[in-house]
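Please dock the two separately framed chains into a single complex, following the hints provided.
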Amino acid sequence: MAQTTEAPVAPPPRADERVGRKSPLARVLARPEAGAIAGAIIIYVFFFIIAPPFRNASSFSSVLYVTSTYGLMATPVALLMIGGEFDLSAGVAVTSSALCASLFSYEFTTVAWVGVLVALALSLLIGFINGWIVVKTGIPSFLVTLGMFFMLQGINIALTQTITNQVASPDISTLQGFNSAREVFSASWTIGGVNIRTSVVYWIVFVIIATWILLRTRIGNWIFSAGGNPASARAVGVPVGKVKIGLFMAVGFMAWFTGMHTLFLFNTIQSGQGVGNEFVYIIAAVVGGCLLTGGYGSAVGAAIGALIFGMVNQGIVYAGWNPDWFQFFVGALLLGAILLNTYIRRRAEAAI
Amino acid sequence: MTTTADTTTRVALVKLIDVGKRYGAVIALHDINLEVSAGEVTCVLGDNGAGKSTLIKIIAGLHQPSTGTYEVDGTPVHFSSPREALERGIATVYQDLAVVALMPVWRNFFLGNEVGKGARMDIPGMKKMCKDELLAMGIDLRDVEQPIGTLSGGERQCVAISRAVHFGAKVLILDEPTAALGVKQSGVVLKYIIQARERGLGVIFITHNPHHAYPVGDRFLLLNRGASIGYYEKDQVTRDELTGLMAGGTELEQLSHELESAGGAAAEIGRSLEEDVTELGISHDTPGSDAAAAKTATRQEGPPSP
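As you go down the protein sequences, you meet chains A and B in turn. Under our numbering, the residues of the first sequence are numbered 1 to 352, in order. Under our numbering, the residues of the second sequence are numbered 1001 to 1306, in order.
Keep in mind that the hints were calculated from the coordinates and are not lab data. Hints are supplied without guarantee of correctness; some may be wrong.
[To be verified] To spell it out: a stretch of chain B is covered by chain A in this simulated footprint if at least three of its residues, at any positions, have a beta carbon under 8 Å from a beta carbon of chain A; those stretches are:
hint: 1; stretch: 1106 to 1116
hint: 2; stretch: 1204 to 1214
[Unchecked claim] For lysine to any residue, the following SDA-like pairs were computed, each having C-alpha atoms within a straight-line distance of at most 20 Å:
hint: 3; chain 1: A; residue 1: K242; chain 2: B; residue 2: E1114
hint: 4; chain 1: B; residue 1: K1057; chain 2: A; residue 2: R234
hint: 5; chain 1: B; residue 1: K1170; chain 2: B; residue 2: P1082
hint: 6; chain 1: B; residue 1: K1015; chain 2: B; residue 2: R1088
hint: 7; chain 1: B; residue 1: K1057; chain 2: B; residue 2: A1179
hint: 8; chain 1: B; residue 1: K1117; chain 2: A; residue 2: S59
hint: 9; chain 1: B; residue 1: K1128; chain 2: A; residue 2: R216
hint: 10; chain 1: B; residue 1: K1117; chain 2: A; residue 2: L214
hint: 11; chain 1: B; residue 1: K1057; chain 2: B; residue 2: A1025
hint: 12; chain 1: B; residue 1: K1015; chain 2: B; residue 2: E1114
hint: 13; chain 1: B; residue 1: K1117; chain 2: A; residue 2: T211
hint: 14; chain 1: B; residue 1: K1015; chain 2: B; residue 2: A1028
[Stated by the list, open to error] Taking beta-carbon pairs under 7 Å as the criterion, some of the chain B residues facing chain A (in silico):
hint: 15; residue: V1100
hint: 16; residue: L1102
hint: 17; residue: M1103
hint: 18; residue: A1119
No residue lacks a Cβ here, since even glycine has one placed at the ideal position from N, Cα and C.
In isolation and in its complexed conformation, chain B is listed as follows (with noise of 0.2 Å):
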């Protein structure tokens, strides 16, 4: 496994180009640009409906791109099945995480890959390999013969973190880790998302947080209704920037409006809301204004208006 990589001829483990997936007349993504190297953080971030399931399946092998390149390691690729994606060590961490809950962890861990001769297995093995895995992920398991119901979640998330990294995975694609989880929780998953980037993967995060995304991210991809809005390098945005951009500048705006017209106490969150507005600097003008002009230009993969 790689650690480092020369920046300047370094070649991206997963890159896609002006990707794009239609299904029949809908357009789910169009002219998606993106890319992750080895020790690397790529967030994904978008609301509801913005395309970032089906990001995450083309890219895990699910579906094919309608148009487009993927290029795995600087070749370019046509997955049929998540099981070719997984070969070439792109694996895939769902939010639903794959684990079986009344089964004991190592048991988990090593489900469809199961270490010994023949039939028999190598349980004391698996359990050292299992316990030594998750520690050195920085998960200290009281049990590894606990069912991985009794874990929390983030714990549950770093265990299925730690088996893709343990089984090969040299991209792991972490499809919304921290959206059912609790505060601390979210903590412990971001660190091992660190973790992760810091044994030398390339990981793709994907959340609707950019409180998560920022801390942890070294490029973050913006969608909004299947474009992408924004394709940024870490210090060519501050985290506010996330949120707004995020939130939607424009469309907050609006809301704001609309509560203040409804007088009462709507009228008082809408004030409150265009205060927030203005303070971060995404107001309906913002690509004009002479403060946002140079927080937002930069790197925007300007997608054709439709």
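In isolation and in its complexed conformation, chain A is listed as follows (with noise of 0.2 Å):
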């Protein structure tokens, strides 16, 4: 509560009697991620007791590297839905990124870094391009971002074809530069017998980063307001639009990021990956307690929506299960994440 360092003249922080009532149970079920981590527990001893390989600590550690690929843009998706809007094309972005990396820098032979850069440009461009849109004309983010996915899953086909006459890129693995990048994006350690990559410390850090932003900052506030009544935000001076567009290009920056982690890791992407891992990023968000229509969530409840899906990706496997089962899981896991969200927010908006 309220302390400050030198002050002896404030009263002490004094405890309102009515809040002691409030048990430390009821006050985790009131956080936004509260139905994540119950399902989280719940799907971790699942697998647990029905498949043995999950119990070693090396199969965990690829569960949280899954998670991690997706956890990383889960994050700033999550961040956007928080703000209001959506972003269909964040998957197949992903994929522009690393392709317009590798093209770039294997056509002109340059250091693989610059193709880094040009590749960082792009996406934040891309971000920029989907917010502007959005916030100028109010046109719903569903639509706008549907158009950009499927240009952009175009440009990444038809490109690639155009300059390879292949559906991957060349392999840049030659390139200059390219291990110092590979260090910086997709280096991995050993740790007692346990591989660990880079993805996954990336990931933790900015999933804390974007915590800080939402709950410490007067951006954090701003998004808050943006996504939960945005008019009214308007009212007290609050730069929605400026806030909106921040948020896309956050999407692109991580595009960006994650785009570079597959391509360092691989030395070659495919042109027509990243389709259909816009709604498993939209997933996670939801899952982690992000309300669809904005304005109330967490970007720890997406790093945890993340991980349930980690965990049924690589449980199901390691379970010996049909993989064909793997999405009938995810959907229910979204069904039932979204009944719980309204259930939720209707307690929360209900005037006593």
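The structure is reproduced here in structure tokens:
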């Protein structure tokens, strides 16, 4: 509660006797990510029991790795959703960024880092265009980014085909600067026989940064209000348009980061990949407690949503099931999460 | 903040002189006079379509008056945006409240005016300030961390009012703050209006309910069809007269005749309505009658009859 460093005159922080009635359990349940935490525990225990390989530390590290590749993108997608918007182009934007970096540096035989920077500029530009159109026209971001999704997918495949006559980008591992870029984006260490990739570390760091922005800064305040009630936010002077454009660009930034990770891990990129991932990011955010209508949610929730996704993804394999069941599970999780979220929001919004 | 003002020399915080507003060919308001000084509540009463919202929009800086003068602290002003009015200390609390329901009370309180260094907010400080400011207005919240949507309508209204006060409002425009509230809740809001007045603010209280306006108001402006039908000091008018004027005596009488001629149950209602009209002294010959002349003639800003 409120305390100051040197203020003897200030009254001691006084606990309101009416607050005490709220049990710690009720406090936890009131958090946006409460449902996701419960779900994650249940799913972990479930696969722990039925899939013996799931219990190994090494297989959990691969769960974490799969989680991080989705979780990196789920983080800005969650912030965007709290800010009241969607980005359906987020999945293919990752591929666009990776293709841009590899094709640029390969065709112009530059240092790999040049392509990396060009790709960053492109990704930020895509985010800016998405945001700018949404803010200036008021057209729902669902439609704007759906258009962007198809355009990017078309460019990805067509341009790669035109330039390389193939469906994948050329191997760039011989380029100068490739190794240092791999060290930055796609390194891995082995600690106690368990392989840990940097993407997991980056993911956790980005989740912490996003949480800090959301809860501790005025920008976080603006993000919540831009999604919760943009008209009211504008009335009290919040730059709603800038906040939304910034969020779209944050998605662009992370699409670049994720794209670079994939590119420098595999040396090459399939031009058709990434389609469908936008839904995974959105599902992770929604399972983590973000409302589709904006104004409510958390970055930690989206991270746990991604973890659930990663556990189910790998757990089904370790359990020896037909992987086709995976999509059924994801759909069921999404439906359950939406039902829970709707219930929570009704409670939060209902006037007593 | 001044809490007292010398009654003889004080300058009105907000003053409208013969203000009118046209939207193309439509005359939304004409020849409106109104003033509010520090520590006063001026009530604007009128039925739907009387021109209350147009009046608010002019005072709040959303619209410019087509005719007449708008003075703040004795100098004429021409606001081109609500932001400018806000900078002069004129804050409007709209009916739809400008709060974000899912956000905690303290985040709502400081939204757009966050306190802190750089991007980082001083959260303990903000929570404390919010709680203290609400306490000063007599709102004792359990927890400023709860979503503002969980507060009652009256409490939400009070948070919006105290927010405006905290950020330097000198004049509060309250747009129908009690319209959607129950009896008890309305009482709570009226209490805060008095509290704001006691803290030295000028309050313009827009309402269609004379029972809410009379106890808190110092002046009453009655609007009907875009024109003033009366502007009274508190000692010049009684609550019943306000009610009668609001209802429009002549129209009520007409309605009662129509109902009576319809016969049956309607006639019954018509007769009781007629009794009410007589009791309130607002029959159509009111302006001429001895009883009513003293009541309504004072300080009436007679609009030129259309």
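Find the hints from earlier in the document that the structure breaks and name them by number, from lowest to highest.
2, 8, 12
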